[in-house]
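Number of protein chains: 2
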Amino acid sequence: MQTKRRKRLSAEEYIDGVLAGNMVILSKAITLIESNLQADMLLAEKVLTGVLPKTGNALRIGITGVPGVGKSTFIESLGTYITNELDEKLAVLAIDPSSQRTSGSILGDKTRMEELSHNPKAYIRPSATGASLGGVANKTRETMLLCEAAGFDVIFIETVGVGQSEVAVKGMVDFFLLLMLSGAGDELQGIKKGIMEMADAIAITKADGENIEPSKKAAIEYKNALHLFPPSDTGWTPKIITCSALTKQGIDNVWELTEKFFAHMTEKQLLEPIRKKQNINWMHETIAYLLKQQFYDRPEVVDQLKTIEKEVGDGRTTPQAAARRLLG
Amino acid sequence: MQTKRRKRLSAEEYIDGVLAGNMVILSKAITLIESNLQADMLLAEKVLTGVLPKTGNALRIGITGVPGVGKSTFIESLGTYITNELDEKLAVLAIDPSSQRTSGSILGDKTRMEELSHNPKAYIRPSATGASLGGVANKTRETMLLCEAAGFDVIFIETVGVGQSEVAVKGMVDFFLLLMLSGAGDELQGIKKGIMEMADAIAITKADGENIEPSKKAAIEYKNALHLFPPSDTGWTPKIITCSALTKQGIDNVWELTEKFFAHMTEKQLLEPIRKKQNINWMHETIAYLLKQQFYDRPEVVDQLKTIEKEVGDGRTTPQAAARRLLG
Chain A
1 MQTKRRKRLS AEEYIDGVLA GNMVILSKAI TLIESNLQAD MLLAEKVLTG VLPKTGNALR
61 IGITGVPGVG KSTFIESLGT YITNELDEKL AVLAIDPSSQ RTSGSILGDK TRMEELSHNP
121 KAYIRPSATG ASLGGVANKT RETMLLCEAA GFDVIFIETV GVGQSEVAVK GMVDFFLLLM
181 LSGAGDELQG IKKGIMEMAD AIAITKADGE NIEPSKKAAI EYKNALHLFP PSDTGWTPKI
241 ITCSALTKQG IDNVWELTEK FFAHMTEKQL LEPIRKKQNI NWMHETIAYL LKQQFYDRPE
301 VVDQLKTIEK EVGDGRTTPQ AAARRLLG
Chain B
1 MQTKRRKRLS AEEYIDGVLA GNMVILSKAI TLIESNLQAD MLLAEKVLTG VLPKTGNALR
61 IGITGVPGVG KSTFIESLGT YITNELDEKL AVLAIDPSSQ RTSGSILGDK TRMEELSHNP
121 KAYIRPSATG ASLGGVANKT RETMLLCEAA GFDVIFIETV GVGQSEVAVK GMVDFFLLLM
181 LSGAGDELQG IKKGIMEMAD AIAITKADGE NIEPSKKAAI EYKNALHLFP PSDTGWTPKI
241 ITCSALTKQG IDNVWELTEK FFAHMTEKQL LEPIRKKQNI NWMHETIAYL LKQQFYDRPE
301 VVDQLKTIEK EVGDGRTTPQ AAARRLLG
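Chains as they are written, first to last, in my numbering: chain A, 1 to 328; chain B, 1 to 328.
It should be emphasised that the hints constitute simulated quantities derived from the structure, not laboratory data.
Warning: the hint list may mix true and false statements.
What the hints assert, rightly or not - Simulated restraints, written as ranges between beta carbons of each label pair: (1) A:295 with B:274: 22 to 30 Å; (2) B:131 with A:13: 43 to 51 Å; (3) A:302 with B:327: 16 to 24 Å; (4) A:115 with B:298: 28 to 36 Å.
Glycine included, each C-beta is placed from N, C-alpha and C at the ideal position.
The whole structure should be built from the sequences, with the hints applied where relevant.
In structure tokens, the structure reads:
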């Protein structure tokens, strides 16, 4: 694969361009953020520090659901609504650690959101690629900050409901929206345990045609189920709603619900404290991530790991003794 | 507080005593495991390695629920049933990182399980104390191994449903039982999000007198709710059951359900692979825990941490830049 020689700007040029809302420079800045080259990382840090005071002014929304639930179509509908009807500027990002550098991420794929990708008030960026979720999640967070500094009012962060990405996204957004299909069974097979309880709202998608009644039934079932579960510390009870990206029915209700959520959080003055806590947690998570990376990269650890794991698996040594041996 | 000078045995004396099912020596061995003194830790490792081949033969059961749900009474009833009626040998352990060295743990408190504490086939041990969950959880796991080597058929590990302990317990048991009260509202206030989806079975307690009908209703509601949630990878669907520790109604059903679970897991040959994975995960978690402990103990980190956290909280630096600064 041919490596394009990227023309690097100065930190000021990146900062000024992003703050001016220049989409070309924003894209370059995100590419800089995503780079693993040492020199790029130092420059990226300067850029982020420079734009940091201008971040925090967007609504941060996580959107998840298993493949097949219609995420791209949903995002396109909701995104088109809020940009056209409400004049908001929208950035659509994604976390997809499984995406390959050559094939790109399925999420945030512009070809699946054609209308939105041509919308001058919308900006779509596929997921960074990376070997680990921790690394990719960091880049998504920083991309979000750049987009906020560039003046976007709303940020969507998309994730597939089948891995650990959802926990990462939950830790960087204000509002977590789960898309589900009506009817249990196979559709649920893909979703990971614990995600439903993370959701601030559940939208039952594809509520059109023959699916309208089943969707309403499903909404009632989920409402009853969630009622049995512990409430959030924020006092917000998760809401269920049906919608169709095809007929557009309910799409405005989804946004109305989102606005209700933010009104609630603002009234209780919870948004800033939660974001503060998220940032401090993120710092500690990054520390843990880097410590582990350093550790597992050590030659002596690389050498011994498989052998020691086998000893643990075979019950020949306790996990704790094995851990201490590896730590030397 | 007066420090008792403990008489330390040799590794062989501990090993032989535990394997012979000597309860006095088992207790001494657990106390050794719980010690943070370096010399004790080396000796403890020898003892564990010595008994390790004789571990793994018990049913490992986690029991959780908010304070007030009747955990002690339930454990006493179920414990009395399986020791007296079924002739099983039972060890009751606990994870309670909040317990103080001077006041002891509320969980595993013998005064709350008087009948069981006098039962020759039962052994009750309060939680280890410790500054962090990771440290305490490690000690509970090793205590469990010692109990298995000492010949116990069933191990209960008790935890309160309000912290991170449940995730730790889920990672060290085969079967995770959640106790709930009938009726939503205040009783649910205490339980942490995500725990209900972790449960392999839910027992609605205090199903006696006026509470019988409400308990049956609650059982149906929870059954419907859990049906909407993703199934486990093991193919086991969580079951709901009502019982009363007071009248003993349903206690035998709880055990029958537990046996059904183990029959299912044995038939699908899932028990060993899952335990293997738990052990390997535990090793990696211990590595992460020790790396973090080493890191946060560094003098330069202790000095800077509060200041840097404040910078992050105030939005003056990105969490990632802050993490890199602390890592030096």
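Hint by hint, here is what the structure shows:
In this structure, residue 295 of chain A and residue 274 of chain B meet the distance hint of 22 to 30 Å, their C-beta atoms being roughly 26 Å apart. Separated by about 49 Å at the C-beta atoms, residue 131 of chain B and residue 13 of chain A satisfy the suggested range of 43 to 51 Å. The beta-carbon spacing between residue 302 of chain A and residue 327 of chain B, approximately 21 Å, falls within the hinted interval of 16 to 24 Å. The hint said 28 to 36 Å for the Cβ distance between residue 115 of chain A and residue 298 of chain B, and at roughly 53 Å that hint is violated.
Consistency with the previously given hints fails for number 4 only.
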